[in-house]
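Student: Next come the chains, spelled out residue by residue.
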Amino acid sequence: DGGITQSPKYLFRKEGQNVTLSCEQNLNHDAMYWYRQDPGQGLRLIYYSQIVNDFQKGDIAEGYSVSREKKESFPLTVTSAQKNPTAFYLCASTSRGTMNTEAFFGQGTRLTVV
Amino acid sequence: QKEVEQDPGPLSVPEGAIVSLNCTYSNSAFQYFMWYRQYSRKGPELLMYTYSSGNKEDGRFTAQVDKSSKYISLFIRDSQPSDSATYLCAMSKGGTSYGKLTFGQGTILTVHP
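The listed protein sequences correspond, in order, to chains A and B. Under the numbering used here, the first residue of the first sequence is numbered 1, with each subsequent residue one higher. Under the numbering used here, the first residue of the second sequence is numbered 1, with each subsequent residue one higher.
Derived by calculation from the structure, the hints in this document are not laboratory data. Hints are not guaranteed to be accurate.
Claimed, not checked - FRET-style restraints, in silico, Cβ to Cβ:
{"hint": "1", "chain 1": "A", "residue 1": "E15", "chain 2": "B", "residue 2": "P14", "range": "39 to 49 Å"}
{"hint": "2", "chain 1": "A", "residue 1": "G16", "chain 2": "B", "residue 2": "P14", "range": "45 to 55 Å"}
{"hint": "3", "chain 1": "B", "residue 1": "S26", "chain 2": "A", "residue 2": "P39", "range": "18 to 28 Å"}
{"hint": "4", "chain 1": "A", "residue 1": "T20", "chain 2": "B", "residue 2": "R60", "range": "36 to 46 Å"}
{"hint": "5", "chain 1": "B", "residue 1": "P113", "chain 2": "A", "residue 2": "I51", "range": "45 to 55 Å"}
{"hint": "6", "chain 1": "A", "residue 1": "D54", "chain 2": "B", "residue 2": "E45", "range": "23 to 33 Å"}
We put the CB at the ideal spot given by N, CA and C, even for glycine.
Required output: the full structure, derived from the provided sequences and hints.
Tutor: Okay, here's the thing in structure tokens:
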């Protein structure tokens, strides 16, 4: 079955530690996205990539980094510079067509700072 | 001021009720309008997708877009307990911005038997 797989489902980070969230898709989509969800704030865009080896900052990129070495994979690193990383992180992908902007989401990773 | 505002709720209705969910937006560049449903601790799933103004119906769900008023709605008829979830409106400018979605805050809906 085609879809987006995020791992791990739950992640705990110590203060000052970098952690990497995995996102893999087998939908053959060109574009991939990372969103952050906090209670009462909807989803906010962290980074996005429309093609391999290229990515752009979203609205809240500070303290995060990404890479896009393969079409199927778009990992997100939460660095120690992110002051409030506890949140639900969602990865999404879309096809490249300009008329179809349906985004498919993974099941999310819940990150908690301990 | 946020680009997209959504009634936060929470909303609690009896089974069989008609539910109305709404969002307003400020950026006239938005062309594509979506409603996502999100169950607890899960990723959002697309419910309805509309391009520009108009109505779209799919089973018990109807989406309305009024671009002149910058207002979108989702109606759920004959609501069921399984409809209990968070509903998120989302918008996109299309073109080279395809897939970059701006979301509302989400409305928590509970349908009780």
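Student: So, for every hint listed, does it hold in this structure?
Tutor: Outcome of the hint check:
| no. | hint | result |
| --- | --- | --- |
| 1 | E15(A) <-> P14(B): 39 to 49 Å | holds, 47 Å |
| 2 | G16(A) <-> P14(B): 45 to 55 Å | holds, 50 Å |
| 3 | S26(B) <-> P39(A): 18 to 28 Å | holds, 23 Å |
| 4 | T20(A) <-> R60(B): 36 to 46 Å | holds, 41 Å |
| 5 | P113(B) <-> I51(A): 45 to 55 Å | holds, 49 Å |
| 6 | D54(A) <-> E45(B): 23 to 33 Å | holds, 28 Å |
The structure shown violates none of the earlier numbered hints.
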